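4 protein chains.
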Amino acid sequence: MTPIKYVSKVDLTKSGDQHPGVHNRWHPDVPSFATIKPGETVKIECLDWTGNQIKNDDCADDLRNVDLTRIHYLSGPFDIEGAEPGDCLVIELKDVQPLERRPWGYCGVFHKENGGGFLEKFYPECAKAIFDFEGIYATSRHIPHVKFAGLVHPGLMGTAPSPEILKEWNSRESELKEKHQHQHETEVALLPEEKNCHAGSATGDLLAKIGREGARTVPGRPEHGGNCDIKNLSRGSKCYFPVHVKGAKFSIGDLHFSQGDGEISFCGAIEMAGVVTLSASIIKGGVEKLKLKSPMYVPGEVANHYGPSRYLTFEGFSVDEHGDQKFLCLTTAYRQCCIRAIEYLRRFGYNDYQIYLFLSTAPIEGHIAGVVDVPNACTTLGIPMDIFDFDIRPEAEVKKLDMGNCAFVSGASHAVTFDFDKLEKK
Amino acid sequence: MTPIKYVSKVDLTKSGDQHPGVHNRWHPDVPSFATIKPGETVKIECLDWTGNQIKNDDCADDLRNVDLTRIHYLSGPFDIEGAEPGDCLVIELKDVQPLERRPWGYCGVFHKENGGGFLEKFYPECAKAIFDFEGIYATSRHIPHVKFAGLVHPGLMGTAPSPEILKEWNSRESELKEKHQHQHETEVALLPEEKNCHAGSATGDLLAKIGREGARTVPGRPEHGGNCDIKNLSRGSKCYFPVHVKGAKFSIGDLHFSQGDGEISFCGAIEMAGVVTLSASIIKGGVEKLKLKSPMYVPGEVANHYGPSRYLTFEGFSVDEHGDQKFLCLTTAYRQCCIRAIEYLRRFGYNDYQIYLFLSTAPIEGHIAGVVDVPNACTTLGIPMDIFDFDIRPEAEVKKLDMGNCAFVSGASHAVTFDFDKLEKK
Amino acid sequence: MTPIKYVSKVDLTKSGDQHPGVHNRWHPDVPSFATIKPGETVKIECLDWTGNQIKNDDCADDLRNVDLTRIHYLSGPFDIEGAEPGDCLVIELKDVQPLERRPWGYCGVFHKENGGGFLEKFYPECAKAIFDFEGIYATSRHIPHVKFAGLVHPGLMGTAPSPEILKEWNSRESELKEKHQHQHETEVALLPEEKNCHAGSATGDLLAKIGREGARTVPGRPEHGGNCDIKNLSRGSKCYFPVHVKGAKFSIGDLHFSQGDGEISFCGAIEMAGVVTLSASIIKGGVEKLKLKSPMYVPGEVANHYGPSRYLTFEGFSVDEHGDQKFLCLTTAYRQCCIRAIEYLRRFGYNDYQIYLFLSTAPIEGHIAGVVDVPNACTTLGIPMDIFDFDIRPEAEVKKLDMGNCAFVSGASHAVTFDFDKLEKK
Amino acid sequence: MTPIKYVSKVDLTKSGDQHPGVHNRWHPDVPSFATIKPGETVKIECLDWTGNQIKNDDCADDLRNVDLTRIHYLSGPFDIEGAEPGDCLVIELKDVQPLERRPWGYCGVFHKENGGGFLEKFYPECAKAIFDFEGIYATSRHIPHVKFAGLVHPGLMGTAPSPEILKEWNSRESELKEKHQHQHETEVALLPEEKNCHAGSATGDLLAKIGREGARTVPGRPEHGGNCDIKNLSRGSKCYFPVHVKGAKFSIGDLHFSQGDGEISFCGAIEMAGVVTLSASIIKGGVEKLKLKSPMYVPGEVANHYGPSRYLTFEGFSVDEHGDQKFLCLTTAYRQCCIRAIEYLRRFGYNDYQIYLFLSTAPIEGHIAGVVDVPNACTTLGIPMDIFDFDIRPEAEVKKLDMGNCAFVSGASHAVTFDFDKLEKK
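Protein chains in written order, with full-length UniProt numbering: chain A, 1 to 426; chain B, 1 to 426; chain C, 1 to 426; chain D, 1 to 426.
Quick caveat, the hints were computed from the structure, so don't treat them as lab data.
None of the values given here were measured: they were computed from a predicted structure.
Treat the hints loosely; a few may be bogus.
Copies of one chain are not kept apart here, so a pair can be met inside one copy or by any two copies together.
To be verified - Below, computed lysine-lysine pairings styled on DSSO-like, alpha-carbon distance capped at 30 Å: (1) Lys426 <-> Lys179; (2) Lys400 <-> Lys9; (3) Lys425 <-> Lys289; (4) Lys112 <-> Lys425; (5) Lys55 <-> Lys422; (6) Lys177 <-> Lys426; (7) Lys289 <-> Lys238; (8) Lys291 <-> Lys5; (9) Lys293 <-> Lys238; (10) Lys121 <-> Lys289; (11) Lys289 <-> Lys399; (12) Lys400 <-> Lys167; (13) Lys425 <-> Lys167; (14) Lys179 <-> Lys195; (15) Lys399 <-> Lys147; (16) Lys422 <-> Lys167; (17) Lys195 <-> Lys112; (18) Lys326 <-> Lys179; (19) Lys177 <-> Lys399; (20) Lys179 <-> Lys425; (21) Lys121 <-> Lys177; (22) Lys293 <-> Lys37; (23) Lys238 <-> Lys326; (24) Lys426 <-> Lys167; (25) Lys293 <-> Lys55.
Start from the sequences, fold in the hints, and give me the full structure.
Right, dumping it as structure tokens:
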């Protein structure tokens, strides 16, 4: 038996838009890069989501400047032989690995002026942490005393939209922007943008059209999946996608070595280049048969596994950090979980940005608890205690350790301790 | 060794307000019912949340009429010897069991005019399912072909608020009501209400005062826990609470034999009377030491355990059922997960109300996936496939089974199939 | 719904042989005590295996004198309606709990002259530890600093033998005794013995016959199960038994709150009185259909759950404690695992008998690794580190704690440290 | 960061004895191949245990002829900087993977005249199955309808013996052979053998000496580990070895993609060439500190994970296949488990050799249950039901599938169904 066939390779010395087999917009007309037969197992290499823009160093300048029109360089699209609109495409993720030639990844907090993140109001600065991969484990010189196994997964997988679906996306996201942008300090939606559009081998008019119409890749979308950032959609998962165009035009990328639920810092998982081993199959007429309006999946049987009693778990409610009462808002509740975890973990010597990056990358469990007890929704955030090399239990004696620092932009240090108690009601 | 001491017993033939050892409001002045010594293990019996209002029958009339001023009959409050404001109260839940003399429980969808639930817009009617307990398992004649082990837990635990905290609660919830009630069809918050206030042995002026000022029990609140409905806060869990008044005045109740994440039908878990075995201890000055602004906990090591690859998992995004684009709203996303699961499961013969009750009670996993990919948040809902006695995998052949029905109010049947496709943009 | 029906109750103030619903021999003619219908869920109370001979105290005199003709007082036999020879009896263990009125159990090392145990050559004395039950947990004043959740199970379940099978048992065990007893210091098999035979309501000639012919209960036997001591055959398990006589005549007893794999100290689990909730069903002709020569089972989904990385695991090989080379002997290998664990754990202050009792009762994992690499078989013994309240990892600093002692016979203390290094080749 | 350093590479076109960095005997004088610094993470390639003797085809001739003097081509020995006798060497297995350039492995039943296996009396012939690796999964055209994730591990790791220990090994194994070989049909121990001895760069007198004195690699041995074949000693495990010579001289090999507990067919796991990522550290004086007479380990947190209720579990007792009563013999008991599993699984269409190979390679759990209930020891064998693509539960309807066949020697087919019932007492 010969080695498994690669249908796509990447060049780590070239930027994303120099690759003919990657694209960074969703559009039915992005040219197919290769064809995969049902049942065939293939390997697909993927760039990191920025297409080689980030360096393994101790400075966040590269991250500060990432242009959101130049991200999510996805491998594909791949035609799946025989797939037609209305079918269900089943992708079996047989493995996801970092590239042997690049045994590291990174996590970043985006600057508030450049996309921000879940806690941008408190942590507006740009920060970066590099993670080294040694076998199944990641460690970071920027977040010491932590080591964890990767629940490696693609942050982004999806089928191409039909023209109708694409139109629907653009319309509903524009509407949101029109109605609600004024209430927000950061972008509420990223609309089609010709600048820096890359669509594989497309050039000229076709490329321009894709740029004008193509949906941006940041949000996951119910109709096809996309940037879902589901940490448990890892090795061994079977994922079921609706097919909207002939061949399905499946794309994959934004690989993560590990991610915490929520991917809270936005560039938030351990971002990496890597290689996926997968096979595809088709359930004819599966959209109707399975009532498949959004992707669904069954995870694999191999995963990090800590035992329920090893999670220190924080509770959050939909009363925000100012003490304002929200109505059954899980988003507010989960933000409070994050804040509680930050306040707890800084006792050991980490600064807030380090913890922000930690919560974004480690195998953190973010669960919905109650969503009907008006007016408070409740969520939980569980931290596996075994990934620290010291004892973080509430009963343990606290010894502050030298935790170093994460990377910031040139010359800066934002090793802050944000005082949440000073916030007042708005 | 003698049997473990009961500090509280309940009478299943009497209503909640006939019990001197239970109360249904949060107030610092609710008289303590008993004292528990640190380190001592005790048993506490609890009424079901309605205080015996629901019958084991096939009619939902009893549920239709539940008055929300007469709910959450909690056992306690209990003074913990030595606890003082600023301490952390550690409750170790050593067991939670149904009462041997009442081996059944119930789940209800509340009528939209009486509280409603997470899917009240589509399922406004009242419905009920009775569950029989046989050892570790529950089954329901109203939701056939399903059997699952209970992850038994108290839906509600908390310490008493200080007068200041109570004031804060009342103020912020009133404010919400003032500002936002007009946008909602159901109550956004339940404010203090003298009617049907029950405060253990309190009578006369004291009772009246508690009724006027006492916080309602429906929402969990960050300062003390309360009605969190965290399904994993089960047997073996250690829970850490802030203490706000001398003795802590700990209360517990609203026991659940099992619950799905979200407790979506509101009366949403398998509600039951039962007995808790617990011990208490105190970390002096723990609020400051642990930065304990909200409860946190470590689950126990005994739990239902299905293996990751046994969960059929649905994805939901913050595009609502009308196709309207919401901004990073996990609540919207989780509602879409629920709808996807309903559409899928009805293929096997269940009607929508049965599935609604099922999702509310079975050990459903509701997880946060991504919460930064503007404008779409993503959540997942995982159903353990092993709790069905038929094959629900996407690959399985579908045979519709006779699924009977759940209980509705006298004479009614709402065995509906809601057509989500007919919803239009608002 | 009324409480679940008890088909058998026990009296904790009376000895085993005063109970008409229990028996201590296997024989087809033991009178049936009650009938269970297929599909019906019932409760069965069980005595502890000695039938109330052991006291909750700090002296092992009671254990020293346990007469092995007066043990295993099993509840039953129960007729299962419709069961006939050749059928498969399916028992679903819906729960196993200690009795609320007796929240404690015990573990004992039997004296070498009275049955001994797996390590009798090194630890010939009698020792005892009492365990207190608080909810799902057990602790022992005789083995401090350890707390674990019970994987509660019946040590013994089985169907009655047919006359032919009984004859086969007696013949093969007699043969063993004849051929090999001279090589052993303790009994190699316990043959039928009229003395202290108890067979429920049987009296006179019938009782005498059962005594003369009835198989002793100590060994599990392939044809029907019996005293298998399988710790994972716990709550939720479905167990499949061959039926050899009309009605199956199912018996159950020897309940364990917890046990380590191997049950090495013989009276080796946490022995307790308790109550089982179970239902029975029948697969007609199941012996042939399932090729069912020995019982098989599927465990339940609720169990203690520590995560693979929480087990400190010792390796043992079939080179015995004298350095003698055995041939692919798993029994020798597992004994070496036990010795390695004893030598390791005594670093923390426990004496050898305490550790012997610990390994016998805690949820220890005993696994077969390799059994073909001539001449050495290899086994492993895994200790869940989370059940200690101090750190037992190899990396941890060792502080000897005051570990008290277990109970011995009046006036004695055998808090020994056996010097395995002094053993010489035989 | 540069890719992780390889300290050893293998050539798949050359036989084991053409590699200067591998050896197939244990001896303190085998020349060290490289040095590893404590804390450094390195990669080590390993040959399959036969050193490239087995082909990916449908004929077992290659396996039939494997000479047991030409096996276990181990990578190493590696000096660990600073290690001295009496220290504890800690190996952290950060990953174990098949080689990308050889995505397949094999399992073999050795012919009874060439080593045999655990069931050699019933299955004396040679058989082979090829497994293809696709990501984390293995499938075999020779055992259809089964797919499982690999719990990849080195079957063999160990430190070099001191001259004294080597002498002890040779003496005790010779003694066994002298005393007991006459009772066995296959070899009870493999003594030193100059023929085909390979010791890395050693030549001439040194090689001859190593051949004359060097211990064979088949058995694991308590003093240093060696061929333990512990399936759970997989990715993420930390393993603690005694050091007996300066530098420790650590060797590793015999990689397995997957193995069932017991590795029953001898060439019994999925044997493969592969690459290990590991780091080493030293606990000075660790042998005395940890009472380390045999290796111990803590598994990693990433593993196949099926949930307890997904194992169909067979019970075995120490009454052998002839009905002869053995005394507390776990080896006999485990053999009965295997036979029960074979009799059960053949209902679905597999022949006995296929099942033998299956039990040897799939993630089968072999556990010790009771080892004190004279005269019967009890073991269990658990099969994860999820690895079949059809339903193997006892309740499922049986449909015989076309199961093809495994490979046998040229021209032969031994697709037998051994009739265990015909065996008579010896």
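Here's how the hints hold up against the structure:
For a Cα distance limit of 30 Å, the shortest separation of Lys426 from Lys179 qualifies both inside one copy, at 22 Å, and across copies, at 13 Å. Within a single copy, Lys400 and Lys9 get their C-alpha atoms no closer than 45 Å, and across copies no closer than 43 Å, so neither meets the 30 Å cut-off. In this assembly of identical chains, Lys425 and Lys289 lie within 30 Å of each other by CA distance solely across copies; the values are 25 Å between and 50 Å within a copy. Within a single copy, Lys112 and Lys425 get their C-alpha atoms as close as 22 Å, which meets the 30 Å cut-off; across copies the closest is 32 Å, which misses it.
In this homomeric assembly, Lys55 and Lys422 never come within 30 Å of each other (Cα to Cα): the closest approach is 37 Å inside a single copy and 50 Å across copies. Taking identical chains as interchangeable, the C-alpha atoms of Lys177 and Lys426 lie at most 30 Å apart whether they share a chain (24 Å) or sit on different chains (16 Å). In this homomeric assembly, Lys289 and Lys238 come within 30 Å of each other (Cα to Cα) only inside a single copy, at 17 Å, whereas the closest approach across copies is 34 Å. In this homomeric assembly, Lys291 and Lys5 never come within 30 Å of each other (Cα to Cα): the closest approach is 34 Å inside a single copy and 44 Å across copies.
For a Cα distance limit of 30 Å, the shortest separation of Lys293 from Lys238 inside one copy, 17 Å, qualifies, whereas the shortest one across copies, 38 Å, does not. With identical chains, the CA atoms of Lys121 and Lys289 are at most 30 Å apart between copies only, with a shortest distance of 26 Å across copies and 45 Å within one. Within a single copy, Lys289 and Lys399 get their C-alpha atoms only as close as 58 Å, which misses the 30 Å cut-off; across copies the closest is 13 Å, which meets it. Taking the closest pair of Cα atoms, Lys400 and Lys167 never come within 30 Å of each other, the shortest separation being 54 Å inside a single copy and 37 Å across copies.
For the homomeric pair Lys425 and Lys167, the shortest alpha-carbon distance between copies (15 Å) is at most 30 Å, but the shortest distance inside one copy (41 Å) is not. Proximity of Lys179 to Lys195 under the C-alpha cut-off of 30 Å is restricted to the intra-copy arrangement: shortest distance 25 Å within a copy versus 43 Å between copies. For the identical chains of this complex, Lys399 and Lys147 are neighbours both inside a copy (19 Å) and across copies (27 Å), given an alpha-carbon limit of 30 Å. Taking the shortest Cα distances, Lys422 and Lys167 sit within 30 Å of each other only across copies (20 Å), while inside one copy they are farther apart (45 Å).
Taking CA atoms no more than 30 Å apart as the test, Lys195 paired with Lys112 passes inside one copy only; the shortest distance there is 21 Å, against 49 Å between copies. Taking identical chains as interchangeable, the C-alpha atoms of Lys326 and Lys179 lie at most 30 Å apart whether they share a chain (20 Å) or sit on different chains (11 Å). In this assembly of identical chains, the alpha carbons of Lys177 and Lys399 never lie at most 30 Å apart, being 48 Å within a copy and 45 Å across copies at closest. Taking CA atoms no more than 30 Å apart as the test, Lys179 paired with Lys425 passes in both settings, with 25 Å inside one copy and 15 Å between copies.
Taking the closest pair of Cα atoms, Lys121 and Lys177 come within 30 Å of each other both inside a single copy (20 Å) and across two copies (26 Å). Taking identical chains as interchangeable, the C-alpha atoms of Lys293 and Lys37 lie at most 30 Å apart only when both belong to the same chain, with a minimum of 24 Å there against 47 Å between chains. In this homomeric assembly, Lys238 and Lys326 come within 30 Å of each other (Cα to Cα) only across copies, at 28 Å, whereas the closest approach inside a single copy is 37 Å. When the C-alpha separation of Lys426 and Lys167 is checked against a cutoff of 30 Å, the pair qualifies only between copies, where the shortest distance is 18 Å, while the shortest distance within a copy is 38 Å.
For a Cα distance limit of 30 Å, the shortest separation of Lys293 from Lys55 qualifies neither inside one copy, at 39 Å, nor across copies, at 39 Å.
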